[in-house]
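Protein sequences, first through last, are from chains P and D. Take 1 as the starting number for the first sequence in the working numbering and just add one per residue. Take 1 as the starting number for the second sequence in the working numbering and just add one per residue.
Watch out, some of these pointers could steer you wrong.
Here are a few chain D residues that face chain P, going by a calculated C-beta distance under 10 Å [to be verified]:
hint, residue
1, Thr13
2, Ala15
3, Arg36
4, Asn37
5, Glu39
6, Ala43
7, Val44
8, Pro190
Honestly, the hints are just simulated from the structure, not real lab data. All values derive from a computational prediction rather than experimental measurement. Backbone N, C-alpha and C define an ideal beta-carbon position, used for all residues, glycine too.
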Amino acid sequence: MKQVSSWGRLSADPHEVLALSDRSRVSGVLASHRSGIAYGMGRSYGDVCLNPGGVLWNTTGLDRFIDFDEGTGKLVCEAGVLLRDIQQLVIPRGWILPVTPGTQLVTVGGAIANDVHGKNHHVLGSFGDHVRWLKLVRTDGEIIECGPLLRSDWLAATVGGLGLTGVIVAAEIQLRPVAGPWLDTETVPYANLDEFFRLADGSEAEWEHTVSWIDCISGGGGRGLFMRGNPTDAGERPAPRDWSLTMPFVPPVSLVNRLSLRLFNMAYFNFKKWWAGRAIAHYEAFFYPLDKLLQWNRIYGPRGFFQYQSVVPRETGQDAVQAMLREIARSGDGSFLAVLKTFGNRQPVGMLSFPQPGVTLALDFPNKGTRTLTLFEHLDAVVREAGGADLSGQGCPHAARSI
Amino acid sequence: MEKQKRIVIVGATSAIAEHCARLWAKEGHSLYLIGRNEERLQAVAVDLKIRGAEAAHTGLLDVNDFARHEAVIDQAIKTLRGIDLALIAHGTLGNQKACEQDFNAVLQELNTNAISIISLLTHLANRFEAQRHGTIAVISSVAGDRGRQSNYVYGTAKGAVSIFLQGLRQRLHKSGVHVLTVKPGFVDTPMTKDFKKGMLWARPEAIARRITKAVEAGREVVYTPGYWALIMKIIKVIPESLFKRMVL
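Chain P on its own, in the form it takes in the complex (with noise of 0.2 Å):
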């Protein structure tokens, strides 16, 4: 037995845990034991991919390529690779995810069990959108292989199902083609959400790659910095260099608190206004910004924290957001990294899926016990009465009441 966390940190409970990696051999390890729950990197921030005191099945020994079609961008692989194995086997050959999270250190069975999405929601989607078969295994011993055409409803219950349909062992995705590892990115700031809705109304026609990161912090007013991109040719130049820092202890207390949080917004949105503007990006850079602090997670402390994450609809989406605002200024918790977006017309494969047309708001809390989940129920509440949805995969324990 080992301890597991997910991502949050906000528990590390005893499990039983079995490494995958041997394709051939998985239904043979899952029909010996009881139920459990597949774990690729735990990037989860609730508990989706936890399973206390029990089996969890490690994936990520799961890690070959099967097949790649360099003339169609068909990828079939095995599910414990990282989407940045993929992009760094792919880009070079013309071709690039066409859905990517903020960060690139999941697997695509996390990918798929979540359908993530990126800052494209409203172009290509989410990822579940560009699977064209998946192979699940059971614990009954039954292979179940399904696609967009095969079996659908298991693709449809599995896309977004959270590994609980069974093991995800292997996928094909449908890549598309890219020039290159650049993007011709624009920095916008923002004075309040009015600015916001003008931004990301206007952007969707011309950009494919939106996002926000508010001041969550700042009264309500809501000022923040718009970034949009799109993937372009930028013929040969150097790529960044590679590095990164590790968060390598967790600090007794967490770093992120009211002081640390207004300084830190305070100085990151004048930083970025004064460098606002048109910019060549490394798509490194643009898509995974945090990905080079690793271990980023632990400066919340003990703890831990949690990610409040909710989409409204767009008709009620201003005022959702602006209350939302008021409700987290007035808290004095929150996070640095608070992203708003907004996501397209488009309707997810997946059962459970996430995404819906609307405007997104993610935040990380510092766990303080009841209360962070008090302010999480002012803001289902805000939400609810919007007419959204709260982002349950998230693991926030309120939000069995809310679905």
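Using the hints, position chain D against chain P.
Then chain D, alone, in the frame of chain P:
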């Protein structure tokens, strides 16, 4: 590595070997993978070709089938049309307690982790000596630096291999052939799945990076991760009269 190399790997489905193979595949080299399990070898070979290997052939061998060693090695060299690098990476981690009670278990351990390696090296050494270029790399272990009560059967095998490699290195130096002894510390792989992992445990990807760099640099002995060189230096100087009282 700029020039394309022909690389033979014994124990190619093991975690460290597979990660080394991936780094070499990315550089476009040609590989010959030797192991016991056909299906797993195929899965690895297909993956390596996608990652950029010029070629990835497979050959079946149970290393304890000593009679077949020469033929398998020759087949590998023939298929690759030569050989620039051989990596011996197979091994098992037997049960020390079981070995203490049953000599058959000991014999099995010594055959797999020492004798079979020595047999392969005998054939490889002669071929490399004749062609007067190339590198032989073998994964030994820090366990071979000094016997300790928790794993001295495994340690004996690895120690024997390390000493054999010292002699081989000296002999082959005259022919311009490099011999690399790799001594990993604790590595998190399927072989060590039953151990509780702590701070000193390394990932096979990191070990593989060290190995490929060491081969390129023409190193003789490399501890990986590097801090094991210091740890073992200290362990080795402890006087036996004191060491025997320690619980290690």
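Here's how the hints hold up against the structure:
no.: 1; hint: Thr13; in the structure: holds, 9 Å
no.: 2; hint: Ala15; in the structure: holds, 8 Å
no.: 3; hint: Arg36; in the structure: violated, 12 Å
no.: 4; hint: Asn37; in the structure: holds, 8 Å
no.: 5; hint: Glu39; in the structure: holds, 5 Å
no.: 6; hint: Ala43; in the structure: holds, 6 Å
no.: 7; hint: Val44; in the structure: holds, 7 Å
no.: 8; hint: Pro190; in the structure: holds, 6 Å
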